[in-house]
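Chemist: Can you build the whole structure from these sequences, using the hints too?
Heads up, the sequence shown is in this note's numbering, so the first residue is 12 and it goes up one at a time.
Among the clues, some could well be false.
Claimed, not checked - What follows is a set of in silico ranges between Cβ atoms, one per label pair, in the way DEER data are often shown: (1) Asp124 with Gly25: 54 to 60 Å; (2) Gly129 with Lys151: 46 to 52 Å; (3) Gln97 with Gly138: 25 to 31 Å; (4) Lys54 with Gln97: 25 to 31 Å; (5) Tyr93 with Trp22: 51 to 57 Å; (6) Lys54 with Gln84: 18 to 24 Å; (7) Thr142 with Val73: 15 to 21 Å; (8) Gly138 with Gly19: 56 to 62 Å; (9) Lys18 with Gln161: 52 to 58 Å.
Claimed, not checked - Below, a list of computed lysine to aspartate or glutamate pairs in the EDC-like style, where the Cα atoms sit at most 20 Å apart: (10) Lys119 with Glu101; (11) Lys134 with Glu121; (12) Lys60 with Glu157; (13) Lys106 with Asp79.
For the record, the hints were derived by calculation from the structure and aren't laboratory data.
Positions of the beta carbon are idealized from the N, C-alpha and C atoms, including for glycine.
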Amino acid sequence: MKSALGKGWKWLLGSLLTLLGFSGCERIGIIRCEYGVPSADFKLVGDVKDAKGKGIEGIRVVFTPYPDAPEEQQKWESDTLYSDAQGHFEKERLKHDWPDGAQKAAVKLEDVDSDAHGSFKTKILKGSELTVEQTKKGDKHWYSGEYTIQADAVLEEEE
Numbered sequence: 012m013k014s015a016l017g018k019g020w021k022w023l024l025g026s027l028l029t030l031l032g033f034s035g036c037e038r039i040g041i042i043r044c045e046y047g048v049p050s051a052d053f054k055l056v057g058d059v060k061d062a063k064g065k066g067i068e069g070i071r072v073v074f075t076p077y078p079d080a081p082e083e084q085q086k087w088e089s090d091t092l093y094s095d096a097q098g099h100f101e102k103e104r105l106k107h108d109w110p111d112g113a114q115k116a117a118v119k120l121e122d123v124d125s126d127a128h129g130s131f132k133t134k135i136l137k138g139s140e141l142t143v144e145q146t147k148k149g150d151k152h153w154y155s156g157e158y159t160i161q162a163d164a165v166l167e168e169e170e
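Modeler: Quick look at the structure:
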């Protein structure tokens with residue numbers, strides 16, 4: 012009797028969870044257990060140069076997927092990295108994973124190294140100043156694939 016009752020509860024709960032959609036969660040890359048939420052992987056790459064074409068080291072690069080969102084939300088979604096000695100920066104996996112985010116994103120480039128490599132004005136790249144290219148197709152379900160966001164900039168020196 013006890014065994015049949017246990018099986019009945021398991022069947023009932025399993026059926027209920029299936030009806031609610033919990034069986035449809037997918038695992039892609041890092042764990043994503045949200046049912047029915049589109050996702051994609053993003054990579055940010057770029058070069059920061061001065062007016063003479065020389066790479067600038069130590070430029071802080073902040074990727075913000077939704078620059079019009081409240082500041083508190085931006086803190087959690089933004090990624091920060093720095094340019095290397097050749098002015099190149101690259102981050103393989105951004106925190107952000109919504110497919111439409113690349114079209115609305117902004118990349119802020121600012122000089123924060125206290126004149127160690129010159130002093131440059133802050134620049135924000137948006138919209139057509141960023142190149143978004145799909146590098147891998149999605150699975151025709153909720154995963155939209157992989158995208159590369161190219162953010163190249165020439166910074167002006169401060170006077």
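Chemist: So, for every hint listed, does it hold in this structure?
Modeler: Hint by hint, here is what the structure shows:
| no. | hint | result |
| --- | --- | --- |
| 1 | Asp124 with Gly25: 54 to 60 Å | holds, 58 Å |
| 2 | Gly129 with Lys151: 46 to 52 Å | holds, 48 Å |
| 3 | Gln97 with Gly138: 25 to 31 Å | holds, 26 Å |
| 4 | Lys54 with Gln97: 25 to 31 Å | violated, 18 Å |
| 5 | Tyr93 with Trp22: 51 to 57 Å | holds, 56 Å |
| 6 | Lys54 with Gln84: 18 to 24 Å | holds, 22 Å |
| 7 | Thr142 with Val73: 15 to 21 Å | holds, 18 Å |
| 8 | Gly138 with Gly19: 56 to 62 Å | holds, 58 Å |
| 9 | Lys18 with Gln161: 52 to 58 Å | holds, 57 Å |
| 10 | Lys119 with Glu101 | holds, 14 Å |
| 11 | Lys134 with Glu121 | holds, 7 Å |
| 12 | Lys60 with Glu157 | violated, 27 Å |
| 13 | Lys106 with Asp79 | holds, 17 Å |
Of the hints listed earlier, those the structure fails to meet are numbers 4 and 12, in rising order.
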